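Chains A and B, in that order, give the protein sequences.
My numbering applies: residue 7 is where the first sequence begins, and numbers increase by one.
My numbering applies: residue 296 is where the second sequence begins, and numbers increase by one.
None of these hints come from the bench; they were simulated from the model.
Keep in mind it's a predicted model, so treat the numbers as computed, not measured.
All residues carry an ideal CB built from backbone N, CA and C; glycine is no exception.
Wrong hints could be hidden among the right ones.
Quick look at which bits of chain B chain A covers, simulated, 3 or more residues with Cβ under 8 Å [what the hints assert, rightly or not]: (1) 339-351; (2) 602-616; (3) 626-637.
Just a sample of chain B residues kept apart from chain A, beta carbon distances all over 10 Å, derived [unchecked claim]: (4) Glu330; (5) Met334; (6) Val412; (7) Ile441; (8) Ala442; (9) Tyr455; (10) Ala497; (11) His503; (12) Ala519; (13) Gln526; (14) Ala619.
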Amino acid sequence: MEPRVLENRQSFSWRRYLLQWEVMLLALFLAINVMNANLSEYYLDFTNLRDAMMGFLDKAFIVLPMVLVMIMGDIDISVGSTVALSAVIMADLYRMGVPMEAAVVICLLTGTVCGWLNGWLIVRFKELSSVIITLATMIIYRGIAYILLEDQAAGGFPSWFSHLGWGYIGPVPIIVIFFAVFAVIFILLLHKTVLGRWIYAIGSNPTSSRYSGVQVDRIKILVFTLTGLMAAVAALFLTARMGSTRPNIATGYELEVIAMVVLGGISTSGGKGRMIGAIIAVFLIGYLRYGLGLINVQAQALLIIIGMLLILAVMLPKLRLTRKKNA
Amino acid sequence: MKSDNAGTAAVTTVASPEPASRKRTISSYVVRFREVGLMMFIVLLCLLIQLRNPSFLTLDNINDLITNTAILSILAVGMMLVIITRGIDLSIGATLALSGMISAMTVSEYPGLHPLVALLMGVGIGILCGMVIGLLVSKMGLLPIIATLGMMNVYRGLTYLISNGRWVSAHQMPASFKELGTGTILGVNNLIWIALVVYLAAYYFIAHTRTGRQIYAVGSNPEAARISGIQADRILWLVYTIMGGLAGGAGVLWVAKFASAQGDTATGYELSVIAACVVGGVSIAGGVGKLSGVLLGAVLLGIINNALPLINVSAFWQMGIQGAIILAAVLMNAVIKRGVDRNNLMRRRI
């Protein structure tokens, strides 16, 4: 018994540090890279690895605000539809002769409005969970996208726009630079500002944080609006990469984004988790997909893997907790 | 009285006929006459559609409409139970596809198989799928949305993998199997009979058995239910298993009716089912829901899906309309609930 007491007094323990979720994620990430490198000889190639990022980073823009949403104890499953609606409105306007610059702005506005509407409804109808509200808006947003574009595709964007998806600044893809900037902003927002502390407070106990003077409603609306805006940013990059858009783009994004966030160690009951975990998870899932794609694993098998990853990621911390309780 | 008010019992137990209840608010009327109102809305909608297109209210089309609604209404029963326990199940479209695909492949391999055996097999597969989700939700404590979102993709992926991306089409299925979804007994389609049986069984189950009542108890107040000795996690597990079983059976019926099993069968169908439930007055907050309401909700959804092409609305509007209906119904339920709560508070003051 004695040594255990001593151990508890230590402020820093290597064991605890290494058992952190983020460190384990990093180890898993390395393991996946080693596995991929063994599976395919084409994997370890700097250009390939760099360009693979262009394929999965568009979702990552939504992961950043989704971390905030889930730390607040909420969830937003309408993000995929928000991406589709913003992209479709932009493409539709461009097709009707609106200049591309204006269409891009309107795309961002659309996402913002979609997100704001989610937040407003959630705050206005507190008895309804964010699950059901964003489920309804998920159907509505995609429904509007279908009404606008039916089953056609719209594209033919100017070259500077597709440059957004495929271009480089120096050796670095543009999308990576954008993601890095946004990631830094969101890390600072969550971990270094009062707003970030409030978001954690709301997630741990909404009632007590309201009584302590945190403006829960305003912050919720703000975070959901931010989610919509970032979904529109993702829509820009996705459309730029694909060259055209359809109402059914970004189907299932909500699953992948939520899987990345949960795998990143953000608790689904709110109040716990760090931004960096989710960012590692983005690269983990992204490169896992890329590697499995190289060895011709079917897309449907990937579906299963991501679904299982989501479930396992939520289950693991719970298992650990219960073991601690028993001990 | 008790059985009739099965769903709203949790809310209106206080509402005994006493003088204070003279001051009824609108919302308490809405709760009491919700089904009548929904029925009137359906009649009105039918009349409007009939004005636009006289071929809507013909015997053939009505028969068609009810047959198409049968599967939706069967699924809505299971979804109602899940939502009553404050959960949600997004995986049923995938479960339906998986069981439909496996049973279709089985009957195309063994054409001599009795269709009822195929149906039972589908139910069995569905029960397995549902048990996994129920286990995750009840024993592992996963949020229903996360568990079903994850398993939805697993089941959908399995469907593609098992079929290798191929379809099972009409000529590969024996006639006896297709009869399951297209045959008639006494001039009424089998699907309608099956839905009827499901509704009668469900009515008996939720209104007259202890377990059925416990589902409502767990939904309206999990804490109180646990304290009064109800094993809430078992109830949760049961509810998802029932949902899975119904989805599995519906998968076989679906495949038999449309005579084709595909990887993307019934993608997004769970949304129609959820819509039918919330339109029928099942409260997302748990504890409230009636079979009669759910049935009417399913019929309303069925009418909208059936009538849109008849009144020359493009099929692309369907999704948007469905979403708007879900949102409107959910918000209306919330507003009505507020009114009822306020009403109860007022009564308590006297």
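Quiz prompt | Given coverage of the stretch 626-637 of chain B by chain A, checked by CB-CB distance under 8 Å (3 or more) | solution = Three-residue rule met by the stretch 626-637 of chain B, so holds; n is 4.
Quiz item: Going by Cβ atoms, does Gln526 of chain B stay more than 10 Å from chain A at every point?
Solution: The assertion about Gln526 of chain B holds, with a minimum of 18 Å to chain A.
Exercise. Test the statement that Ala497 of chain B is away from the interface with chain A: the closest C-beta pair must be farther apart than 10 Å.
Key: holds (23 Å)
Quiz item: Going by Cβ atoms, does Ala619 of chain B stay more than 10 Å from chain A at every point?
Solution: violated (6 Å)
Self-check item: Beyond 10 Å from each Cβ of chain A, as asserted for Ala519 of chain B
Solution: holds (18 Å)
Quiz item: When you look at the beta carbon of Met334 of chain B, is every beta carbon of chain A farther off than 10 Å?
Solution: Holds: least Cβ distance 24 Å, greater than 10 Å.
Quiz prompt | Within 8 Å of chain A (C-beta), three or more residues of the stretch 339-351 of chain B | solution = violated (count 0)
Exercise. Say whether it holds or is violated: Glu330 of chain B keeps its Cβ farther than 10 Å from all Cβ of chain A.
Key: holds (22 Å)
Quiz item: Taking the closest pair, is the beta carbon of Val412 of chain B still more than 10 Å from chain A?
Solution: holds (28 Å)
Quiz item: Is the Cβ of Tyr455 of chain B farther than 10 Å from every Cβ of chain A?
Solution: The assertion about Tyr455 of chain B is violated, with a minimum of 4 Å to chain A.
Quiz prompt | Closest CB of chain A to the CB of Ile441 of chain B still more than 10 Å away | solution = With a cut-off of 10 Å, Ile441 of chain B comes too close to chain A, as the shortest Cβ separation is near 6 Å.
Quiz item: How about the stretch 602-616 of chain B: do at least three of its residues have a C-beta closer than 8 Å to a C-beta of chain A?
Solution: holds (count 7)
In summary, the structure is inconsistent with hints 1, 7, 8, 9 and 14 from the numbered list given earlier, while agreeing with the others.
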